[in-house]
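Respectively, the protein sequence lines represent chains A and B. Using my numbering, you'd call the opening residue of the first sequence number 1 and step up by one each time. Using my numbering, you'd call the opening residue of the second sequence number 1001 and step up by one each time.
Calculated directly from the structure, the hints in this document are not laboratory data. Keep in mind that the hints are not guaranteed to be accurate.
As the list claims (entries may be wrong) - List time: in silico DSS-like cross-link candidates among lysine-lysine, alpha-carbon distance up to 30 Å: (1) A/K99 <-> B/K1065; (2) A/K111 <-> B/K1065; (3) B/K1115 <-> B/K1056; (4) A/K102 <-> B/K1065; (5) A/K70 <-> A/K108; (6) B/K1115 <-> A/K26; (7) A/K99 <-> A/K84; (8) A/K105 <-> B/K1056; (9) B/K1115 <-> A/K70; (10) A/K84 <-> A/K27; (11) B/K1065 <-> A/K27; (12) B/K1065 <-> A/K108; (13) A/K111 <-> A/K99; (14) B/K1115 <-> A/K108; (15) B/K1056 <-> A/K27; (16) A/K105 <-> B/K1115; (17) B/K1065 <-> A/K84; (18) B/K1056 <-> A/K52.
Keep in mind it's a predicted model, so treat the numbers as computed, not measured.
Below are the chains, spelled out letter by letter.
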Amino acid sequence: MTTPTRRQRITVEDIGDIAVVQFVDKKILDEQNIQMIGDDLFRLVDELGRRKVLLNFSNVDFMSSAALGKLIRLHQRMTQVGGKLVLCGIIDSILTVFKLTKLDKMLKIVKDEQTGLNSF
Amino acid sequence: MSERHISVNITIQSELAETHRVQTDIENALQSNGYDEADVFAIRLAVEEALVNAMKHGNQLDPDKQVQVSYSVTEDRFDIRIVDEGIGFDPNEVPDPTEEMNVERPCGRGVFIIKNVMTSVNYLERGNIVVMSKLRGVETE
């Protein structure tokens, strides 16, 4: 297992067998940051074997399209390994972007963390 | 809260970290003119996408190539012009990311997002110049 040598961009809380992920950064943008976040998320799935992941965006107030791309890849990876990815706590302005790009049809998005936990 | 016409012309390197500086300045200018959260978010997003496109796709992140940014903020509107040194592109040839065959692609949404959150967007010359406007308080979707 690879050991990260930099500060983690996510925090993970286990609730049962569900990994609830919060983001350290309020603004998820710039390629380097998004890459690090992606690495941390993929490590959860590929190295730590998590199959139920709930991403809580309540701390995030801005996200660029590059971050959307990373979420799509994560969703595809979860599907490949038979897992499930749920997103929650997305503020209205960011949710508008998910709807605009029709990613709300592909990704499972719920209102809040409790609803997300109940959806697994 | 004071309202003031702000006009800025700058040249930045093709480093993605430079986008933060430009965005912060624009956000401050918008807020000093009383723009609401929705407008600030839309403009920030479009500027982010356009600058990244200019640096990454236009200038290929070449440190010898620069991006020219000119913007103005008034109490009624935000305007910005971004120029890169790349070969340009035809925005009409960018695939629609909302089509079924494209939805699962992890990239290719920037141009689409810009078009849908700003009041007007035009690509000039060979496509290496983008001019965008946002009228304050006007819904675009």
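Structure-based check of all given hints:
1. A/K99 <-> B/K1065: 35 Å, violated
2. A/K111 <-> B/K1065: 43 Å, violated
3. B/K1115 <-> B/K1056: 19 Å, holds
4. A/K102 <-> B/K1065: 35 Å, violated
5. A/K70 <-> A/K108: This hinted pair holds, its Cα atoms lying about 15 Å apart.
6. B/K1115 <-> A/K26: At roughly 25 Å apart (the allowed maximum being 30 Å), A/K26 and B/K1115 satisfy the hint.
7. A/K99 <-> A/K84: 20 Å, holds
8. A/K105 <-> B/K1056: Status holds; Cα separation ~29 Å.
9. B/K1115 <-> A/K70: 22 Å, holds
10. A/K84 <-> A/K27: Holds. A/K84 to A/K27 sits at ~25 Å (cutoff 30 Å).
11. B/K1065 <-> A/K27: 27 Å, holds
12. B/K1065 <-> A/K108: Measuring from Cα to Cα gives roughly 41 Å; hence the hint is violated.
13. A/K111 <-> A/K99: 14 Å, holds
14. B/K1115 <-> A/K108: 26 Å, holds
15. B/K1056 <-> A/K27: Roughly 20 Å between the alpha carbons, so the hint for B/K1056 and A/K27 holds.
16. A/K105 <-> B/K1115: 21 Å, holds
17. B/K1065 <-> A/K84: Distance of about 43 Å is beyond 30 Å: violated.
18. B/K1056 <-> A/K52: 34 Å, violated
The structure does not agree with the numbered hints 1, 2, 4, 12, 17 and 18 stated previously, though it agrees with the rest.
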